[in-house]
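Those protein sequence lines, which keep their order, are chains V and Z. Take 109 as the starting number for the first sequence in the numbering used here and just add one per residue. Take 790 as the starting number for the second sequence in the numbering used here and just add one per residue.
The set of hints was computed from the structure by calculation and includes no laboratory data. Treat the numbers as computed from the prediction; the structure is a model and nothing was measured. Take these hints with a grain of salt, some might be off.
[Unchecked claim] In silico PhoX-like links for lysine-lysine, alpha-carbon gap of 20 angstroms or less:
| # | chain 1 | residue 1 | chain 2 | residue 2 |
| --- | --- | --- | --- | --- |
| 1 | Z | 941 | V | 113 |
| 2 | Z | 957 | Z | 967 |
| 3 | V | 235 | V | 113 |
| 4 | V | 323 | V | 333 |
| 5 | Z | 967 | V | 116 |
| 6 | Z | 967 | Z | 941 |
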Amino acid sequence: MAERKLFKGNEAVAEAAVRAGCRFFFGYPITPQNEIPEYMSRRLPEVGGVFLQAESEIAAINMVYGAAGAGGRVMTSSSSPGISLKQEGISYIAGAELPCLIVNMVRGGPGLGGIQAAQSDYFQAVKGGGHGDYHCIVYTPSSVQEMVDLTMQAFDVAERYRMPVMILGDAVLGQMMEPVVLPDPRPTDAASAGWATTGARDGRAPRLINSIYLKPDELFQHNLKLQARFEQAKAAEVRYEAVNTDDADVVLVAYGTTSRVCRSAMDRARAAGVRVGLVRPITVSPFPYQAIADVARTARALLTVEMSLGQMVEDVRLAVCGAAPVHFYGTTGGIVPTASAIAEEARKIAMAEVGK
Amino acid sequence: MVEELIIAGFGGQGVMLMGQLLSYAGMREAKNVSWMPSYGPEMRGGTANCSVVISTDSIGSPIVTEPMTLIVMNRPSLDRFEQAVRPGGLLIHNSSLIDREPERTDIRIIAVPAVEMAREVGSDRVANMCVLGAYLAATGVVAYESVAECLKEVLPERRHDLIPLNLKALARGASMVKP
Numbered sequence: 109m110a111e112r113k114l115f116k117g118n119e120a121v122a123e124a125a126v127r128a129g130c131r132f133f134f135g136y137p138i139t140p141q142n143e144i145p146e147y148m149s150r151r152l153p154e155v156g157g158v159f160l161q162a163e164s165e166i167a168a169i170n171m172v173y174g175a176a177g178a179g180g181r182v183m184t185s186s187s188s189p190g191i192s193l194k195q196e197g198i199s200y201i202a203g204a205e206l207p208c209l210i211v212n213m214v215r216g217g218p219g220l221g222g223i224q225a226a227q228s229d230y231f232q233a234v235k236g237g238g239h240g241d242y243h244c245i246v247y248t249p250s251s252v253q254e255m256v257d258l259t260m261q262a263f264d265v266a267e268r269y270r271m272p273v274m275i276l277g278d279a280v281l282g283q284m285m286e287p288v289v290l291p292d293p294r295p296t297d298a299a300s301a302g303w304a305t306t307g308a309r310d311g312r313a314p315r316l317i318n319s320i321y322l323k324p325d326e327l328f329q330h331n332l333k334l335q336a337r338f339e340q341a342k343a344a345e346v347r348y349e350a351v352n353t354d355d356a357d358v359v360l361v362a363y364g365t366t367s368r369v370c371r372s373a374m375d376r377a378r379a380a381g382v383r384v385g386l387v388r389p390i391t392v393s394p395f396p397y398q399a400i401a402d403v404a405r406t407a408r409a410l411l412t413v414e415m416s417l418g419q420m421v422e423d424v425r426l427a428v429c430g431a432a433p434v435h436f437y438g439t440t441g442g443i444v445p446t447a448s449a450i451a452e453e454a455r456k457i458a459m460a461e462v463g464k
Numbered sequence: 790m791v792e793e794l795i796i797a798g799f800g801g802q803g804v805m806l807m808g809q810l811l812s813y814a815g816m817r818e819a820k821n822v823s824w825m826p827s828y829g830p831e832m833r834g835g836t837a838n839c840s841v842v843i844s845t846d847s848i849g850s851p852i853v854t855e856p857m858t859l860i861v862m863n864r865p866s867l868d869r870f871e872q873a874v875r876p877g878g879l880l881i882h883n884s885s886l887i888d889r890e891p892e893r894t895d896i897r898i899i900a901v902p903a904v905e906m907a908r909e910v911g912s913d914r915v916a917n918m919c920v921l922g923a924y925l926a927a928t929g930v931v932a933y934e935s936v937a938e939c940l941k942e943v944l945p946e947r948r949h950d951l952i953p954l955n956l957k958a959l960a961r962g963a964s965m966v967k968p
């Protein structure tokens, strides 16, 4: 077995990004993700990269825009209020068809909120956030190892579809330590990016990085192109994990840290004779609608669990489309739901459904 | 095998380090481990705690709310977490600093006069290691040797001269507990 190392989630994301060939980081500090810029400020100079602490989140995301336009593998990271500030830039990057990685270690909101873990930025991450018809690909890791693996993959996927990719973590995932196996570093050739504005001295056609299309028919065609590319992502990039769903009366749906607690809740419920399963989206954009629709055909009910007051549950309801009751249990503001509370909720739902 | 514990105390008592040391040792023994710190504005000079899970199976929630073992280094931590310990669980407390007896009668309780013990072996700075030694002897969740090996990884290089003192403290704590 490859060597396992104990890593904090935030530092694991940073190291994985470097190994994936990321050479540019622009950010502005905010708890609970400060270990990412801290690590990058030390690590990127070792590999000839650039770390820059910008004067604001808005400046940082526009530096990401610039570096991506020049063909660099680039990322930024922040937490909820900081991600809100970046939304204009994310929309521009999406409009200009540029790849980058944005990491959001979510904390409780709205406003300045708190600094403990939450999942209340789901709508923002999945339904746009910035203006215009665009989508990001959004990964929701649930362990430090998965943060490594998805970060490695995120840069490739961002370049394949030429759109921003987001890692939607939370404060628990950022702060916790777990053993990880780190993949070998991958070489990347930034200059080979087909969109990069690297100078047309060799006589090639000039390239333009742009998101303005003043003629409506051109902007319409541009939007159709963006949508078509997201349709390709929908067909190829949906990822999820299903556990114990075959015989389950109640299927839990949860992502990130909450899915870890749900796994414990599932084990408790099963030990008490309640047949509980779990579907864990690993991408929430594109969302695993089909997987959840399939589960809804066999389960008596679904229970969506989130550290919010009900955001992903809307996508679960869209997927289920009335085929089974969809219940919701959520905590927010920095409170992580407990396994015992979720198991009890699942037991009550199972009792009510079996009694029907 | 699964162990879920909370280690709590004042910032500066080394509770985060105790948790990390156990995590490194568990990983060294090819077990699954997770370590989750409390964090926030209260950390400096206030209370600090961490959740540690060590398991031969995959780990569900990394956040421990009903610990099988509770290690408390100060009175506010005992007050906060005592009732959360699972029936039949284990409570280890630093009796040098805690001026009340635990109330629970349905769990195993070990009082470690950690500060006095640490002074005996050379410095009250290793009180946390005396308590950790007692924990290792009481549970055997990870081997003493694994923890000893991992001191090198957890302590920064400039502190490696303190490893012998830490080992003495671990052994002193372990010596007062029958498994």
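**Request:** Could you check the structure against the hints above and give me the numbers of any it violates, in ascending order?
**Result:** Checked against the structure, the hints that fail are numbers 3, 5, 6, while the rest are satisfied.
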